[in-house]
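Asks: Going down the list, the sequences are from chains A and B.
Taking the working numbering, the leading residue of the first sequence gets 2, the next gets one more, and so forth.
Taking the working numbering, the leading residue of the second sequence gets 2, the next gets one more, and so forth.
Any given hint could turn out to be false.
Since the list gives no way to pick out one identical chain from another, each pair is judged satisfied if it fits inside one copy or across any two copies.
Simulated crosslink set (SDA-like; lysine to any residue; CA at most 20 Å straight-line) [as the list claims (entries may be wrong)]:
1) K115 to L18
2) K11 to F46
3) K140 to G152
4) K113 to A49
5) K140 to N125
6) K107 to H91
7) K107 to F131
8) K107 to E58
9) K44 to W124
10) K11 to K135
11) K113 to E35
12) K140 to D123
13) K159 to G96
14) K44 to A110
Worth flagging that the hints you see were computed from the coordinates, not collected in a lab.
All of these numbers come straight from a predicted model, not from anything done at the bench.
Protein chains: 2
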Amino acid sequence: MNYHIREAHKADMPQVLQLIVELAVFEKEPDAVEVTVEELESKGFGTAPDFHCFVAEIETKIIGMALVFTRFSTWKGRVLHLEDLIVSEHFRGYGIGTALLDEVVKYAAKLKVKRVSWEVLDWNTPAIDFYEAKGADVKRDWDVVHLDSNGIKNYLLKLDNA
Amino acid sequence: MNYHIREAHKADMPQVLQLIVELAVFEKEPDAVEVTVEELESKGFGTAPDFHCFVAEIETKIIGMALVFTRFSTWKGRVLHLEDLIVSEHFRGYGIGTALLDEVVKYAAKLKVKRVSWEVLDWNTPAIDFYEAKGADVKRDWDVVHLDSNGIKNYLLKLDNA
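Using the sequences and the hints, build the whole thing.
Replies: So this is what it looks like as structure tokens:
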């Protein structure tokens with residue numbers, strides 16, 4: 002499998018969004034993706050971008066991506082967060098996920114951060130096995146919490162009515 | 002309990018670090034805090050700060066804090082992440098946690114983000130009950146993953162030896 006890993010360009014964002022949607026379908030939340038190509042293009046490039054993206058390419062087709070940004074840990078200072086690591090279904094099993102994660106960890110080392118963090122679904126055993134084989138610690142006692150846009154709206158309504 | 006919520010100043014960071022350490026002890030990781038006052042002061046203020054911090058104050062004593070930053074969701078675009086919400090033990094039960102969370106949600110609305118996200122320990126029942134009462138969704142199927150500084154070092158060593 003003759004793939005190539007490189008930094009993403011703005012012009013890759015339509016294909017990157019396709020991968021994001023593919024992963025959302027796998028994660029049983031097909032309607033969760035509200036982000037647009039325009040948002041990826043405007044937020045990910047230029048001065049002070051919101052994220053940094055690596056892509057895996059076969060000829061001109063993007064078949065994998067890793068999207069990261071720095072965040073601030075009150076324990077470790079600046080750390081790197083891996084928001085998504087995606088390899089399109091038909092291209093799994095060729096080491097492309099490893100090659101993308103290699104780039105992410107090398108990037109973390111370049112930034113001198115003390116941690117790479119991410120999130121995983123507890124039923125996604127292949128992903129968990131993969132991450133643990135790479136030396137990562139899946140913290141089963143730490144859960145993710147979301148207050149979504151409806152939650153924000155209702156929260157503010159209750160404040161107004163208090 | 003006559004407290005006051007306001008944005009943090011640089012001069013608050015020594016007391017903010019005390020709260021961070023207090024929470025780490027409660028979370029059974031007393032040695033996990035590597036961040037310093039200098040790091041909080043340099044990363045949290047000035048142009049393009051890494052985080053935004055609210056504090057709860059009684060006279061000149063900081064007895065609570067909420068530390069947030071924006072991060073990029075590939076589903077929702079720019080979202081707000083609540084890294085820590087801390088009320089010092091002796092000051093719990095007076096609504097200070099709610100007052101800090103109110104500020105965070107109002108700040109999220111001001112930034113027009115589509116989500117506030119955070120993380121919680123699955124055995125921290127008082128925190129989970131508090132968050133759920135506020136309308137948040139504790140996603141018990143999503144776990145946090147960390148590759149810590151040793152993990153990063155070992156990962157790179159394996160790459161070098163491959």
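Asks: Give the relationship of K107 and E58 under a CA distance limit of 20 Å: within one copy only, between copies only, both, or neither.
Replies: Only inside one copy: K107 and E58 sit 19 Å apart there, 42 Å across copies, limit 20 Å.
Asks: At most 20 Å between CA atoms: does that hold for K44 and W124 within a copy, between copies, both, or neither?
Replies: neither (31 Å within a copy, 37 Å between copies)
Asks: Cα distance capped at 20 Å. Does K11 pair with K135 within a copy, between copies, both, or neither?
Replies: neither (30 Å within a copy, 39 Å between copies)
Asks: At most 20 Å between CA atoms: does that hold for K140 and G152 within a copy, between copies, both, or neither?
Replies: For K140 and G152, the Cα distance is within 20 Å only across copies (14 Å; inside one copy 26 Å).
Asks: Regarding K44 and A110, is the shortest C-alpha distance of 20 Å or less found within a copy, between copies, in both, or in neither?
Replies: between (24 Å within a copy, 19 Å between copies)
Asks: My question is about K113 and A49: at a cut-off of 20 Å on alpha-carbon distance, are they close within one copy, between copies, both, or neither?
Replies: Intra 18 Å, inter 19 Å, cutoff 20 Å: intra and inter.
Asks: State whether the alpha carbon distance between K107 and H91 is at most 20 Å within one copy, between copies, both, or neither.
Replies: Neither, since 26 Å and 44 Å both go past 20 Å.
Asks: How would you label the pair K107, F131 (within, between, both, or neither) given a Cα cut-off of 20 Å?
Replies: Close inside one copy (18 Å), not across copies (39 Å); limit 20 Å.
Asks: Measure nothing new, just compare the shortest in-copy and cross-copy C-alpha distances for K140 and D123 to 20 Å and report within, between, both or neither.
Replies: both (10 Å within a copy, 10 Å between copies)
Asks: How would you classify K11 and F46 at a CA-CA limit of 20 Å: within, between, both, or neither?
Replies: within (7 Å within a copy, 30 Å between copies)
Asks: Since the copies are identical, ignore which copy is meant and state whether K115 and L18 lie within 20 Å (CA to CA) inside a copy, between copies, both or neither.
Replies: between (29 Å within a copy, 18 Å between copies)
Asks: Classify it for me, K140 with N125: is the Cα-Cα distance of at most 20 Å met within a copy, between copies, both or neither?
Replies: Classified as both: same-chain Cα gap 14 Å, cross-chain 14 Å, threshold 20 Å.
Comparing the model with each earlier hint shows violations of hints 6, 9, 10; every other hint is respected.
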